[in-house]
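Trainee: So the sequence shown is numbered by our numbering: it starts at 1 and just counts up by one.
Check before you lean on any hint, since a few could be wrong.
[As the list claims (entries may be wrong)] Quick list of in silico lysine-lysine cross-link-like pairs, DSS-like style, CA-CA up to 25 Å: (1) K192 - K211; (2) K192 - K309; (3) K211 - K309; (4) K170 - K192; (5) K170 - K211.
In short, the hints are calculated from the structure, not lab data.
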Amino acid sequence: MHCPPYQPGQSLTLLGLPAEMKEEIMTYLDFYDLLTFSKTCKNIYETAKADSKLWQRLPEVTYVEIDHLNPYIRRLDGTSRGADFGLYDIQHNELFQVSTAVGMRLSGLRSLTLHFADPTEDFDVGMEQIWRDLERSAPMLERLSINVLENFGELHTIPPTIFGHTAQPKLVELQVTAVTLLQPVPAFTHVKSVRAAAACIAPLSRGENHKIHQLFPSIRSLSLLGIQSLAAGGWEEHSLARVPFIDQPLDELVLWFEMQDVAADPETAQWLEESLPHVRNATLKDLECPAVLCAFIASLRGPEALALKVTPEFVGLHDVVLSNSAGMLRTATLNSPIDGQHFLRILALPGPLTELSIPGDVAGLLILSDFGNAADLEYLALDVDTGFALLPTLPAIPSVRRVRFNSQKFVKIDANVIVNFLATVAPGVEMLSFAQVITFDNLHLLPVPYVVVN
């Protein structure tokens, strides 16, 4: 949509919005607001002129719409603020024009996003021109994203000469699914957050690829997208088989799985075994392979106390969150039913399991059957959003001293059910706590002190 800049005295625009959008806004105003609308519009416009920050976050456009952004980009000229500039669905026949358009604006950009159409033709010549126009310095650039719209692909290789062949002090975020990195690039020296397809940062064999910290010396967060399992028939370039092991400290690692074999995924399991000891917080998304989850759980093999939380996300999906008292976190989103063997593996870890959080419905309480031997468990939390039920075969866990009932919505529970639950599962309980939105029948029956928390 073309939004022309506001001109003083122009009655049909508000901050450059077309008349039909202004009319939509006015439908939400009462009579008093309508009386003061003209004055308000003028005041907002004057504020916008003075505060260039309002013009930083520009919408992504196609190349044919690029001229619509020029009036807004010009508002930032001469200021210390950079604009967010993004082009999507870039076609093969637009590469040279896109290159020129980006190059002439580069020094004034805070964020640059280039989304290419799925390549059906040779992009080499046009991409070489883009790299030449990106050889200029980008002193304001903080975020760079070079992607393809649908499937991951490798259009070209990022040359080390990008952004003047020098470190860009403000460039801290990088996302790449369309181009590869064959060698360290000086401009990425200070990049802290990377989101990339495995094929883009590890295009060769594992021994030939540079390690993550060689490519990004300042990296703190890494997300690898579209990971495929070789055992499931996936492409090797999209597996972890080519990615060098992480061998230096990393604050956050997120792995997004696209194709997995539910029986075995040895390259992923090995990669996790070698890499996770160096990772503080790790997350697996859309996981299906039990062997991989086993390797994931086993990475918390220190003596620190453990806490486990199981939460349902959608039908058939669960989040399993395991953490220790040293602040290390492991989160897995499972596409398959939870196997009780995984809980037994958690109990077999060197660190004692002292906290457990589960859903309070039937499916959640069935998990308790795997924790009858959890001799160190002191704290039990139940989420009763979807109800609370007492099953006849629940185990006793005498070590539990504190029980909490959580909910995100208003829920009413009969205290008789809680009394029976505590007598069966937590006979040694000393303190109860309840979310403020939970109400009770027969509250006087509770056997121990309780507190209400937000």
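Trainee: Where does the structure disagree with the numbered hints, that is, which hint numbers, in rising order?
Mentor: Checked against the structure, the hints that fail are numbers 2, 3, while the rest are satisfied.
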